[in-house]
Each structure stands twice: as C-alpha cells, then as structure tokens.
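Listed in order, the protein sequences are those of chains A and B.
The numbers in my numbering rise by one with no breaks, and the one at position 83 of the first sequence is 63.
Converting from the second sequence to my numbering requires adding 6 to each position, the first position being numbered 1.
No wet-lab data here; the hints were simulated from the structure.
Each hint should be verified, as a subset may be incorrect.
What the hints assert, rightly or not - Here are some of the chain B residues that sit facing chain A, going by a computed Cβ distance under 8 Å:
#1 Ala114
#2 Tyr198
#3 Ser219
Stated by the list, open to error - Derived coverage of chain B by chain A (criterion: at least 3 residues anywhere in the stretch with Cβ under 8 Å from a Cβ of chain A; other residues may be distant):
#4 225 to 236
#5 329 to 340
Note that this is a predicted model, so its numbers are computed, not measured.
Glycine included, C-beta positions come from ideal geometry on N, C-alpha and C.
Listed below are the residues making up each chain.
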Amino acid sequence: MNKKACSFLFLVVLVAFVSVFSGCRSKKPSADMYGDNMLGDPLIGDVALNPDNMGLPMDGDRSLFAAVMFAYDSSQVNPEEAGKVEAVAKHLNKGKAQGVIVEGHGDERGSREYNLALGERRALAIRDYLINLGVDPSSIQTKSYGEEMPSAMGHDEGAWRQNRRGVFAIY
Amino acid sequence: MRRLFFAICVVLVSMSAVAQRVEVRKSGEGKISINLAGYRTGGDTASRTFLSVLKADLNRSGYFKVTSAGAELNVAGSCVSGGGNMKADCQVYKVSNRQRLLGKSYKAPASGVRGLAHRVADEIIYAVTGKKGMASGKIALVSNRTGRKELYVCDMDGKNVRQITKDRSIVVGPGWMPDGKNIVYTSYKRGYPNVYMTGRRKPLSSHGGLNASGAVSPDGKSMAVILSRDGNPELYIKSLRTGFLKRLTRTRRGNEASPCWSPDGNHIAYVSDTSGSPQIYIISRTGGRPQRLTSSGTENVAPDWGENGYIVFSSRVGGRYRISMANPAQRTLRVLETDWADYEDPSWAPDGRHIVCSRTASYRSSIYLLDTLEDSPVALLSGSIDWFSPACSP
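Isolated chain A, as found in the complex (with noise of 0.2 Å):
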C-alpha cells in the first residue's frame, strides 16, 4: 500500500517535472512570437518583402545548411527544427553572408496553387523567425516551390516529410 503511494507519489512528480522541462523547451524558441496559436504560424507583423526581386540574386549555396521540416499542412516552425534557423541567423549576423533566399517545399498532397501559397508560408515563417533572431529583413528573400521541386520522388510518408521542408540558399 505504502509501496503503491509511493510509486504513484514519484509518477505526479515525474510527470509535473517532465511537463515543466519540456514547457520550458518549447517555449524556447520565442513563445510570444507563437503566441497561443496552436496551428502555428508566426507572423511578426506583415514585413513586407523587397519590393522588386529583379536586383537580387537568383541562386545560392545551399550545402550550408541543413533543411528546416515542417508537419503535414503547418507552416510553424516546430521547436525541434528550430537551432537550424538559428545557426543560419548567426552566420547571417555575423556578417558572413550578403544574404539568403529561404525556399518553401510542400509534399505532392493537395493542389497545386495551394501548395504553392503553403510552401511561401513556410518560408515566410523562417524568415519571420529570422527577423525576430536580429537578422536584417531586407536580407532575406523567400521562394515558394509549392510541390514542383521534391527532394524525394516516393509516395509514401517517408519521401513527403523529406519534400516538406524550407531550404536556406546563402548567397
């Protein structure tokens, strides 16, 4: 009896500690800039885009980096995903690069036109987060492939969470 007390004692315990470390973990990558929105989508306030991409580059080095992935039909930057924007903010910060193109990825799933709009939400959201992290928003470009480029050919689970991803092209 006491031995059950006990055990259920240190499970409250376990559970209450787990759920305060890994609150503390998520709220890490800027809670007020999630707010309470729990399908995601951050939007630091409509920062409009360079108002001609004409004068910017079309390409970049895109081994830099490793690709951000998002969940099916989310544009939010998941909190597991989120040190990868994070090191490019820093190398951008630090001067090392002029600038980069944040491209957005959508698997084959749903229309097309649509995905195209996913895939620029995608990207805007890591430019968003870009942007809260210091860099200049002027710096950053973003390129929605909708699902017209995937980086896996397959029609299964594992191919769409590899196709659905921002990828960084520092230029």
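Given chain A's structure and the hints, the job is docking chain B onto it.
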C-alpha cells in the same frame, strides 16, 4: 454537430437526386440520332480525317448519337481538298419533315482540317439544339514531357498538342485571357515565381515573394492574384492598366489560393485555410466580408466559376479527390460520380455541360472529360507522361 448532420443530409439528398437522374437517362434515349452516311468525302487523308473528327465531335458533345440508319437527322454534303485548301459543304435535315436546319459552306487550309471539323461540329450543335458546343475550344495544360514543366495547348478532343513555352523552368496553374487568345500562367523563368502572359515578355506581376494564380476578370481589365509582398500570401486585385493593387484579404494566419471570377465579374471565389482546412470562399470584388461556400469534405480546392453559374471544384471526401459543383445562388451541391481515382483541377468546357479535369491513378496524372449529364468519363490525354492543371478556353 447539427450543422454537420445537416450538411451530410444535403450531400446525400443531392447525391441520390443525381443517381436517379443518371438512371433515367443512362439508356441514351435523350440523344438525337444523326446520320452522316450520306456525307461524301474524297479518297484523300484530309477529307477522311474531316469526317472522322466531325463524327467524334458530335458523339462527344453528348447531344447526338451518330448512326448509319434510321436517324432523326440527316447530314448531306461533301468535303473536298485540293491545292492545299479544304472546302466542306454541310446541310442538316430533319428526316420527319425534310426541314433544313443548317446549310453552309466552309473553307480552311488543309493543315487546319481538324479545326474545320470542330467548327462544323459546333455549328451543327448550335443549329439543332440552340446550345453552344465545345469542339472549337482549346485546353491549356502543363506537362513534364520534356523533363521540365512547360505549357501546352491542345484541342478539346485531346489532339493537336502544341508546346507553348520553352523556358526550361516550371509552369504552374495556367488560365485563359477572356478573349481566349492568350494564357496567363505562373513561371520561375526569371528565378522567382512571377505571373506571365503568352506573347508578352514582361511579367504581369513580379512583386517580392510569391506571385501566383493570376486570373483575369471577364472585362479583361484586372487580375485577381495571390501575392506575399506584405508578409503573407493574400488575395489582391491588380489593375492591368495602371498596376494599382487592391488587397482583398487580411488573414495573417491563413493561406489564400486559386481565385476565379464570377461570370458577371462582381465576385471572386477562392481557397482559404483560415478555418483550419482549405475551403472555398466568395468575396465581392470591392472587398468586405467573405462568405464560405463549402462545408462538407475535409478539403475543397481549385474552384472554377462557369458561365452557367456553377462553381466546380475538387473536393476531398473519404481520402480521395472528387469533382463537385455548387450553385451559390441556389445553394445546391452535387458530387459527380467517378471511380476510385483522384479527380482534381476541374475546368468548365465552353459548352457549360462538360468538365475537363486531371485524373490521377497509380501516381500518373492524365486529362479527362466529364459529362455533368449522362455520358461516361472520356480520357483526352493519357499515357506514360504526366499531364495536369487543364484550363478550358472560354
């Protein structure tokens, strides 16, 4: 929950209504039998092509059944070719009272024999039924047949395929100018997704970020377009004369996509996911509060608003995409009967009766023609390469 129940009821009722209608008409008794056995052609390929294309067009129209005996209508006349030109005479008579419904002569260069047959087919359909045919229409579509996604155009029977762009880039979501002469599409040919028009080098829209889903108004003066220049994909109207932008949506937590115009040009139907899933909304061209059109299905995307007042769209029901049509004025909804494959990106054919869409089976996308009345789906373009995003000319 009650609303959901109501929505399900509406779908069931409309579906059973459709099923009844199909049953009644399935025998083809509603079709007019037409006899072309008396039509004379030369022995050359061109004039034989003319007759076979004309017969196929009449059968595909849904209004006729081409027979060789005992028809209600007789087609007389002849088709001759010579000197690089073709001449086709065509008379249509009612067998019962010998009343002449059509009597005309047509000419075209021999290279345009298919186009000539399409024109004659539409004239026969109009003369007999008073309705606009679709045979002379064109389909704009995208294929990766060269390894890149380029823009193509074909006839309404899936033949006469021409490659339009050679940009070696990506073309997305083509649509027609209201005059049916040019095509508006999204391309990455200059690096970023911009909206272009065929026959014009300069982009129609090239703001920072996303420029996509350009749809030109029926009067040809403005374009509905999705832009992310202000930090989020939103629906805008851009004046094609002055370039002036009017922003219609402000959905910081949502995506907008796929706008299309009402036939009178006063409203725009588009996709938004502000409710948590992509659904279709209607907004006035002057802005204001959008009205949600769709409530059933986990996803409703890719609307096309026909001259007939019906919005046709792709609806995800039970894990697969089907074609639905809704009339916003009458508040009706109907799901078309299709097989197990995914049917997406529907577009009204010029006759307002048929729908052209993509059909995806085993990850292969082909182009199909669906009849909203009674005929079975017809494959227009299929094979070992992908064809998608079809858009019919007006």
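Cross-check of the supplied hints:
no. : hint       : in the structure
1   : Ala114     : 36 Å, violated
2   : Tyr198     : 5 Å, holds
3   : Ser219     : 5 Å, holds
4   : 225 to 236 : holds (count 4)
5   : 329 to 340 : violated (count 0)
Of the numbered hints stated above, those contradicted by the structure are hints 1 and 5, listed in ascending order.
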